[in-house]
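Peer 1: The opening residue of the sequence shown carries number 1 in my numbering; numbering runs sequentially from there.
Honestly, the hints are just simulated from the structure, not real lab data. Predicted, not measured: the structure shown is a model, and the values here were computed from it. Some clues are possibly wrong.
Think about it this way: if two alpha-carbon atoms lie no more than 27 Å apart in a straight line, the pair counts; the simulated BS3-like pairs of lysine-lysine are [said to hold, decoys possible]:
(1) 53 with 39
(2) 148 with 103
(3) 128 with 39
(4) 62 with 29
(5) 103 with 65
(6) 39 with 103
The calculated label-pair distances, taken between Cβ atoms and stated as ranges, are [stated by the list, open to error]:
(7) 59 with 34: 16 to 24 Å
(8) 43 with 185: 36 to 44 Å
(9) 45 with 83: 39 to 47 Å
(10) 24 with 110: 43 to 51 Å
(11) 42 with 106: 53 to 61 Å
(12) 72 with 176: 20 to 28 Å
(13) 145 with 13: 39 to 47 Å
(14) 136 with 185: 20 to 28 Å
(15) 189 with 153: 32 to 40 Å
(16) 84 with 20: 27 to 35 Å
(17) 185 with 29: 21 to 29 Å
C-beta: ideal position from N, C-alpha, C; glycine also.
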Amino acid sequence: MEDNLISKKELLELTEISYGQLYRWKRKKLIPEEWFIKKSSFTGQETFFPKEKILLRIEKIKSLKEDLPLDVLAEKLTSNPININITKDELIKRNIVTKQSLKVFNDNFGEIKEFNFESMILVKTLDKLLNSALVSLDEAKLSINTLKENYNNLQNVNFYMLIIRKLGVTNCILISDFKNIYLDSSSKLVCRIGIQEIISELKEYNIESDKN
């Protein structure tokens with residue numbers, strides 16, 4: 001399973017950025033190293049990118065680079081945790097999660113009045129699972145427990161949550177640098193969530209807060 005790809009040539013034309021800008025942003029870690037995918041083509045070896053991710057990231061960089069230094073912007077877009085605390089009311093007010101997801105989280109994982117970055121990742125992941133309509137409540141709870149138990153082992157790593165069903169049994173797997181996965185015929189990949197994308201999304205809320 002692989003994301004739709006866009007070539008470097010197409011990317012530069014579509015986004016109207018230069019080769020130099022692209023690689024400067026790479027050096028600054030604004031664009032992850034693993035998004036630069038080398039593949040063979042009829043002209044030799046060519047660089048491709050996961051299309052949706054790179055286009056969203058470049059749009060975000062272009063919209064914010066005038067307001068924030070690149071080093072500050074890079075810190076906010078990487079997977080590194082940030083020091084932030086936010087109330088449950090603010091989570092709702094800023095549309096970070098829904099009221100329903102917050103209630104499910106509090107009912108099952110304990111009442112939290114002020115969320116740090118780790119608990120924000122947990123509740124945002126739960127929100128995405130519940131709103132996907134792909135998993136049951138019990139499967140969502142299993143997945144959040146798995147993420148919670150392994151969070152400290154996964155910091156500063158680009159990883160994915162996979163929810164797999166086999167013969168009525170659900171498993172949640174956390175893997176780093178997901179590209180392809182092959183399952184036996186009796187197993188089904190029900191849902192895949194990129195935790196790095198959730199982290200970036202949460203940091204973008206913080207970016208907007210810094211700008212205001």
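Peer 1: Check the structure against each numbered hint from earlier and tell me which ones fail, lowest number first.
Peer 2: 3, 5, 6, 15, 17
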